[in-house]
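In the order they appear, the protein sequences are chains A and B.
In this text, residue positions in the first sequence follow the working numbering: the first is 417, and each later residue adds one.
In this text, residue positions in the second sequence follow the working numbering: the first is 6, and each later residue adds one.
No lab work stands behind these hints: they were computed from the structure.
These figures come from a predicted structure and were not determined experimentally.
Treat the hints with care, as some may be off.
Once the Cα atoms are required to be at most 27 Å apart in a straight line, the calculated DSS-like pairs of lysine-lysine come out as [unchecked claim]:
#	chain 1	residue 1	chain 2	residue 2
1	B	Lys230	B	Lys50
2	A	Lys512	B	Lys50
3	A	Lys438	B	Lys247
4	A	Lys438	B	Lys50
5	B	Lys128	A	Lys503
6	B	Lys97	A	Lys438
Examples of chain A residues toward chain B, derived with CB under 10 Å [said to hold, decoys possible]:
#	residue
7	Pro467
8	Lys471
9	Glu472
10	Asn473
11	Ile486
12	Lys488
Virtual Cβ for every residue (Gly too), placed ideally from N, Cα, C.
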Amino acid sequence: MMNRQVGGEKGRGMEIERRIIKATWAHNGNLEPLYEVEDKEDEILVTFDLPRVSKENVAINTTADMVEVIAKMSNAVCWERWGVVQKEITFQAFRKQIRLPEPIEPEKAHALLKNGILRITLPKIRRKVLINIE
Amino acid sequence: MEEVVRIVEEEGVEYNNPIVIEGLPDVGLVGTIAASFIVEKLNYKEIGHIESDLFPPVMVIHDGKLKNSFRIYSAEDGSVVVVLSEVAVPPKAVYPITTALADWFHKIDTKQPVISVKGLPMKNRMDIEKPEVFAVGNNGDAVAELKAKQIDLLEEGFIAGTYAIMLRECSKRKISAISLLAQCYPVYPDPGAAVSAIETLKKFITSLTVDVGELLENAEEIKLKARDLMQQTALSASEMQKGMEQDMPIMYR
């Protein structure tokens, strides 16, 4: 009972902070890329917008329920006049981990990087049975 | 009674039957990217802003100077006016802002048509090398002008967002208006689509002597800077019923 209460308060505290400091950039120089997850019946399609990134600098890791992308930018950027803390940071990579809505088969996944958009196709784990109509 | 949305002009501004470019944030941020590029390259000056209690309490700082998020710019000679914003339009402000802007366009005796620059979201945008531009006109004159300039028209379908209501509000005030819709990514900033939109804009505004090549060169940096606004805009998309743009109207002919 005690643990649940403490956990609850700590949880709420973290949630409140995230409402004030919710950023698409991090102090370690990582940017959060824009992304989209699409459920397409037999597969899950995840796309990322990765400007300034070439194929050789993208690493994609997936497990049955998660996909992670780490992509190094070909030119790092430092926006020297932005904000207070941000102006000191050199942004050099995108990084994002996404929890998938359904389990997928990592070995059958494939990806394409075109015009700066990374499209990852993740086949769902499916055992299809054909049903006959009487 | 104070208006819900107020257009605040700087003192002493002179208008010269201006053509209006409306570039408020929408899919692909096409209008915003095009409008801010034009304003920057042609050195348009800030001549006013838009205020409302329906907007979030957000101001922006550029070059150490405090600015409103929704701003209006004008060409030096008063012949072109540009409306843009660095913050997404809250859905509940759509109707009041279009009414206020349409009233204001009437007041400044805008040259017609008023032009909204927007995007047409495409699932397969990744496979489109050069986005095409389609258009909607709000009356016979607008449609005739689009046809004369050989711009493809949207013939049947839904349009959703600030620009859709803008077409109607301009109509009510007998102002011709068009929306230019460039094929774009639904949720990613699309400088390529903005380039296509600007090339079409040039058919209406001959003084728009911007080099779109420069926009393409800076495309990646623009995408980096546009991430946050794109996210804000995408979040309000469902309340704006953007999804309906993919739907079939029941009375399709």
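Here's how the hints hold up against the structure:
With a C-alpha separation of about 22 Å, the suggested pair Lys230/B and Lys50/B falls inside the 27 Å cut-off, and the hint holds. With a C-alpha separation of about 39 Å, the suggested pair Lys512/A and Lys50/B falls outside the 27 Å cut-off, and the hint is violated. Straight-line distance between C-alpha atoms of Lys438/A and Lys247/B comes to about 25 Å, which keeps the hinted pair within the 27 Å bound. Pair hint Lys438/A plus Lys50/B does not hold up; C-alpha atoms about 33 Å apart against a cutoff of 27 Å.
Under the criterion of a C-alpha separation no larger than 27 Å, the hint pairing Lys128/B with Lys503/A is inconsistent with the structure, at around 36 Å. Distance check on the hinted pair: Lys97/B and Lys438/A sit about 24 Å apart at the alpha-carbon level, within 27 Å; holds. Proximity of Pro467/A to chain B holds as hinted, the smallest CB-CB distance being about 4 Å (cut-off 10 Å). The beta carbon of Lys471/A comes no nearer than 15 Å to any beta carbon in chain B, farther than 10 Å, and the hint placing it at the interface is violated.
With 10 Å as the threshold, the beta carbon of Glu472/A stays out of range of chain B, its nearest partner Cβ sitting at about 17 Å, so the hint is violated. Against a cut-off of 10 Å between C-beta atoms, the interface hint on Asn473/A is violated, since the closest Cβ of chain B lies about 14 Å away. Interface restraint check: Ile486/A against chain B, minimum CB-CB distance 17 Å, threshold 10 Å, status violated. Here the hint on Lys488/A is broken, as its CB sits about 14 Å from the closest CB of chain B, past 10 Å.
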